[in-house]
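K.L.:
Each chain is listed here by its residues.
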Amino acid sequence: MPLDVKPDLKREFDVVGTRPLRPDGIDKVTGRARFGADATAPGMLVGRILRSPHAHARIRGIDTSKAEQLAGVKAIITRDDLPDHSNGDRATYDILYNCMAREKALYEGHAVAAVAAVSAAVARQALKLIEVDYEVLPHVTDVDAAMKPDAPVIHDDIFTEGVEPKPDKPSNVARRSEFGHGDVEAGFREADVVISRSYKTEATHQGYIEPHACLASVSPDGSGELWVCTQGHFMIRNVSSQVLGMEISRLRVTASEIGGGFGGKTHVWMEPIALALSRKANRPVKVVMSRDEVFKATGPTSSTSIDVKIGAKKDGTIVAAEAILRYQGGAFIGSWADLGAMTAFACYDLRNVRTVGYDVIVNRPKTAAYRAPSAPMAAFAVESTVDELAHKLGLEPIDFRIRNAAREGTRSSYGPTYGPIGIGATLSAAKNHPHMSAPLGNNQGRGMACGFWFNFGGQTCTSLNINLDGTIALSVGTPDIGGSRASMCLMAAEELGIPYEKVRCVVADTSSLGYNDVTDGSRVTFSSGMATILAARDAIKKLCGRAAQMWGISEEAVIWEKGYAKPAGPNAGEFPPLSLKEIAAAAATTGGPIAGHHEFNADGAGVSFATHIVDVEVDRETGATRILRYTVLQDAGKAVHPAYVEGQFQGGAAQGIGWALNEEYVYGEDGRLQNAGFLDYRIPVCSDLPMIDTVILEIPNPKHPYGVRGVGETSIVPPLAAIANAVSNAVGVRMTHIPMSPPRILKALEGRS
Amino acid sequence: MIGTKPQGERVRVTLWGSLRSAAEGRDTVEVEAATIRELFSRLGKSYPGLKPFIDRGIAVSINGQIFRDSWSQSIPKGAEVYLLPRIAGG
Numbered sequence: 211m212p213l214d215v216k217p218d219l220k221r222e223f224d225v226v227g228t229r230p231l232r233p234d235g236i237d238k239v240t241g242r243a244r245f246g247a248d249a250t251a252p253g254m255l256v257g258r259i260l261r262s263p264h265a266h267a268r269i270r271g272i273d274t275s276k277a278e279q280l281a282g283v284k285a286i287i288t289r290d291d292l293p294d295h296s297n298g299d300r301a302t303y304d305i306l307y308n309c310m311a312r313e314k315a316l317y318e319g320h321a322v323a324a325v326a327a328v329s330a331a332v333a334r335q336a337l338k339l340i341e342v343d344y345e346v347l348p349h350v351t352d353v354d355a356a357m358k359p360d361a362p363v364i365h366d367d368i369f370t371e372g373v374e375p376k377p378d379k380p381s382n383v384a385r386r387s388e389f390g391h392g393d394v395e396a397g398f399r400e401a402d403v404v405i406s407r408s409y410k411t412e413a414t415h416q417g418y419i420e421p422h423a424c425l426a427s428v429s430p431d432g433s434g435e436l437w438v439c440t441q442g443h444f445m446i447r448n449v450s451s452q453v454l455g456m457e458i459s460r461l462r463v464t465a466s467e468i469g470g471g472f473g474g475k476t477h478v479w480m481e482p483i484a485l486a487l488s489r490k491a492n493r494p495v496k497v498v499m500s501r502d503e504v505f506k507a508t509g510p511t512s513s514t515s516i517d518v519k520i521g522a523k524k525d526g527t528i529v530a531a532e533a534i535l536r537y538q539g540g541a542f543i544g545s546w547a548d549l550g551a552m553t554a555f556a557c558y559d560l561r562n563v564r565t566v567g568y569d570v571i572v573n574r575p576k577t578a579a580y581r582a583p584s585a586p587m588a589a590f591a592v593e594s595t596v597d598e599l600a601h602k603l604g605l606e607p608i609d610f611r612i613r614n615a616a617r618e619g620t621r622s623s624y625g626p627t628y629g630p631i632g633i634g635a636t637l638s639a640a641k642n643h644p645h646m647s648a649p650l651g652n653n654q655g656r657g658m659a660c661g662f663w664f665n666f667g668g669q670t671c672t673s674l675n676i677n678l679d680g681t682i683a684l685s686v687g688t689p690d691i692g693g694s695r696a697s698m699c700l701m702a703a704e705e706l707g708i709p710y711e712k713v714r715c716v717v718a719d720t721s722s723l724g725y726n727d728v729t730d731g732s733r734v735t736f737s738s739g740m741a742t743i744l745a746a747r748d749a750i751k752k753l754c755g756r757a758a759q760m761w762g763i764s765e766e767a768v769i770w771e772k773g774y775a776k777p778a779g780p781n782a783g784e785f786p787p788l789s790l791k792e793i794a795a796a797a798a799t800t801g802g803p804i805a806g807h808h809e810f811n812a813d814g815a816g817v818s819f820a821t822h823i824v825d826v827e828v829d830r831e832t833g834a835t836r837i838l839r840y841t842v843l844q845d846a847g848k849a850v851h852p853a854y855v856e857g858q859f860q861g862g863a864a865q866g867i868g869w870a871l872n873e874e875y876v877y878g879e880d881g882r883l884q885n886a887g888f889l890d891y892r893i894p895v896c897s898d899l900p901m902i903d904t905v906i907l908e909i910p911n912p913k914h915p916y917g918v919r920g921v922g923e924t925s926i927v928p929p930l931a932a933i934a935n936a937v938s939n940a941v942g943v944r945m946t947h948i949p950m951s952p953p954r955i956l957k958a959l960e961g962r963s
Numbered sequence: 073m074i075g076t077k078p079q080g081e082r083v084r085v086t087l088w089g090s091l092r093s094a095a096e097g098r099d100t101v102e103v104e105a106a107t108i109r110e111l112f113s114r115l116g117k118s119y120p121g122l123k124p125f126i127d128r129g130i131a132v133s134i135n136g137q138i139f140r141d142s143w144s145q146s147i148p149k150g151a152e153v154y155l156l157p158r159i160a161g162g
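Protein chains in written order, with our numbering: chain L, 211 to 963; chain U, 73 to 162.
No lab work stands behind these hints, which were simulated from the structure alone. Treat the hints with caution; some may be incorrect.
[Unchecked claim] Dumping the calculated BS3-like pairs for lysine-lysine here, alpha-carbon to alpha-carbon at most 25 Å: (1) U:Lys117 <-> L:Lys376; (2) L:Lys216 <-> L:Lys752; (3) L:Lys376 <-> U:Lys123; (4) L:Lys276 <-> L:Lys314; (5) L:Lys791 <-> L:Lys776; (6) L:Lys772 <-> L:Lys791; (7) L:Lys220 <-> L:Lys776; (8) U:Lys149 <-> L:Lys216; (9) L:Lys376 <-> L:Lys358; (10) U:Lys123 <-> L:Lys379.
Keep in mind that this is a model prediction, so the values were computed, not measured.
For reference, chain U alone in the conformation it holds in the complex:
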């Protein structure tokens, strides 16, 4: 379930393959973030290689629900978080 959480929780984020080389070869990274906005901000600072990907557009899956633009979306404690390519449609 998606809900509110206190500030400062560490979020475990799984990266898709192409991002790993931009994050020092890691499959998963951990940052403190309460929202998608904070997540992107801290990922960009901790792993500058990710910044161009974030600027180009990344989707975030939180507990299986994919968010494209809702940067204020909160990330609950213990949530499953994936970064995914921004999906195009027809």
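Chain L with its partners taken away, still in its complex shape:
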């Protein structure tokens, strides 16, 4: 069976493309599913973390003596219990520093000590008895303020990278990056119309419903186990081992069910703390974050400040485009501006383009990934400017975009030349969609925007075991955050030629399977899916071999068709087909267990594009915006389980709606977060949303056997811009600050009057 990943474009699917019930559905709706906080162990202690009340403070000393005397306290750890094992690796050191503050607390909520006690009440009381001697330092939380020469410098060993000459003074600007091609200045001189605008976006949290939780158990022999809610348990194992100086093989990590991640659970937050507490207490320790901790101590997105300038000829051809993007990464070095700078103009075919990104450090929690990280903010700024330019040229925004859209052979704004891509198809589908021409009422506006995301593959390992009764036990190493177990079952069933219900998929622990990269980058249906298909083909090869044994013919004389081994032709002999079930039943006498495996670096995920259309109505008295209608059009390559693809499209749009209209980290002058809870940080609820309509386009990815492209992230890229364009059209004022909360809309209306 060749390991050929090229898609068969004429293939008719039996199972892939259907919409069966999800295998984890019953457990989730009945409460049987075990999430991070559901793990228990005999003798388990409660872990709690003491966090800095200051945005920036030197820690002169920590006195734990009173807490240690409290009955029921079994272990207390501080920075002194976590020696630096990073061997000079800055990224590892920063993770250690983020897990537990060292010489300074760098943001409100930064961990400074942790307690393991017999109950939550004792642990809380112990935290109150820990005395931390802080020297409060000046702080900065705004990205623009942090770049100013007189801003308090947060790290005295960070010098701006990517500038010449190399700076001799430390700075909060960690890195400058630049992308583009052509001669932008010459392009602007050619332009008949130039629009130049500045935009701001506020930080948002991924808002997953399940808080971070883990249960750690470290034995006196140094081996440990960790049950954790994460998007990447292999990553958690490797990083935690490195931070704690453990051998990787001594730590076994099991991923729990996950109540949302969206990128926020692709990082290590408090898992090494739980392990260190367990190691010191010699008891299992469970740590569950409160919502307050989730907001203050786990990663939100960057807040940003972006300048965009685009010039076009009267005929609607863009001749030059430029963006300066400033992204704060929280208290540590990030590469978030890189991603904004790379994605900003990726939808367009531009002769002259330049983007410059600045990664900036501020006194906020470490920025984390959030679905297509950094792209939504860049798209907001660029797509707003594109819309304004279209209006100024007297062109329909959709036609202006179609005229300038990237296509196969376009040199992308971040460098490489595109192969076959779907931006044109999504724009054409949007232009022809009934939503685009539906009538609008008073105070209503329509907006549209495009979005881009890279998608990627990564390291992947999958095993497929054939059971005695012909059912299939499929093991993957990528936590299921979007229904991927169902998709894996569909692809295994398709390849083997058996019903979907005969395949069950589990997320195996780190000791049961080879390394798998994190579930991120919209990679799982692409890469774990491809590994599953190739593991199934490996198993089919073995099944054919077993059938050959049973018939007494050569392996090459056996073919596999729709769940049956058959003689390849008349010369192979006359044998009735053998079903997978029959071959499985005879496995013990034909060579033992039958299994298929595949491990690889999955490359060729293929870039992804989407176009969104939205109608809004703005209440001019209150400034409140209501979403009336929303349509997502996106290329899925091949929709393995169309209902989940639609769910990803809808989920991205819903989160984007929250980001566009309400969600915002609000900081006080004291550098403290003012709204660390879902009452004051308002994510959309069902009553805020219309039914989000979806259009799935299927332009096969040539690098996947079924043509699959990732779909999980791109759908959050256009909403900020699409809604900003809709609101701007509704109120007649260009909105340049996200979220467009009622006060900002009222202020914009007042400014106009």
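Model the placement of chain U on the given structure of chain L, informed by the hints.
P.N.:
Frame of chain L, contents of chain U only:
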């Protein structure tokens, strides 16, 4: 198309802006390389300033397809090769 190529072909590599200062201010550099592994090895030797970036993780785009970890990937003759930041995802 990605395929095999004989040893010793010169590969023209385009650098993203941040790398230029680490490569004597050049936008593009040329090295002999048949695979991504050879490319990184020779870039690191010819332009030591690039070594810390390579160690930290760089993606390579070959004819529009982005590779993150496949260092054995061959680089065909005349391929369009870009170095890109290693992309994070959510």
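K.L.:
For lysine 117 of chain U and lysine 376 of chain L, compute the direct alpha-carbon distance and say whether it is at most 25 Å.
P.N.:
Given that 25 Å is the threshold and the Cα spacing comes to 21 Å, the pair holds.
K.L.:
Keeping to a limit of 25 Å between CA atoms, is the pair of lysine 149 of chain U and lysine 216 of chain L held or broken?
P.N.:
With Cα atoms ~22 Å apart, lysine 149 of chain U and lysine 216 of chain L stay inside 25 Å; holds.
K.L.:
For lysine 376 of chain L and lysine 358 of chain L, compute the direct alpha-carbon distance and say whether it is at most 25 Å.
P.N.:
Measuring from Cα to Cα gives roughly 18 Å; hence the hint holds.
K.L.:
What's the verdict on lysine 216 of chain L and lysine 752 of chain L, does the C-alpha distance respect the 25 Å limit or exceed it?
P.N.:
It holds: about 22 Å lies between the C-alpha atoms, which stays within 25 Å.
K.L.:
Quickly compare the C-alpha distance for lysine 220 of chain L and lysine 776 of chain L to 25 Å and report which way the hint goes.
P.N.:
23 Å, holds
K.L.:
Within a Cα-Cα threshold of 25 Å, do lysine 123 of chain U and lysine 379 of chain L meet the stated pairing?
P.N.:
23 Å, holds
K.L.:
Does lysine 314 of chain L sit within 25 Å of lysine 276 of chain L, going by the straight-line distance between their CA atoms?
P.N.:
22 Å, holds
K.L.:
Decide if the proposed pair is consistent with the structure: lysine 376 of chain L and lysine 123 of chain U, CA atoms, cutoff 25 Å inclusive.
P.N.:
Since the Cα atoms of lysine 376 of chain L and lysine 123 of chain U sit roughly 17 Å apart, the hinted pair holds (cutoff 25 Å).
K.L.:
Do the alpha carbons of lysine 772 of chain L and lysine 791 of chain L lie within 25 Å of each other, as the hint requires?
P.N.:
12 Å, holds
K.L.:
Does the structure keep lysine 791 of chain L and lysine 776 of chain L at a Cα separation of 25 Å or less?
P.N.:
14 Å, holds
The structure agrees with every numbered hint stated previously.
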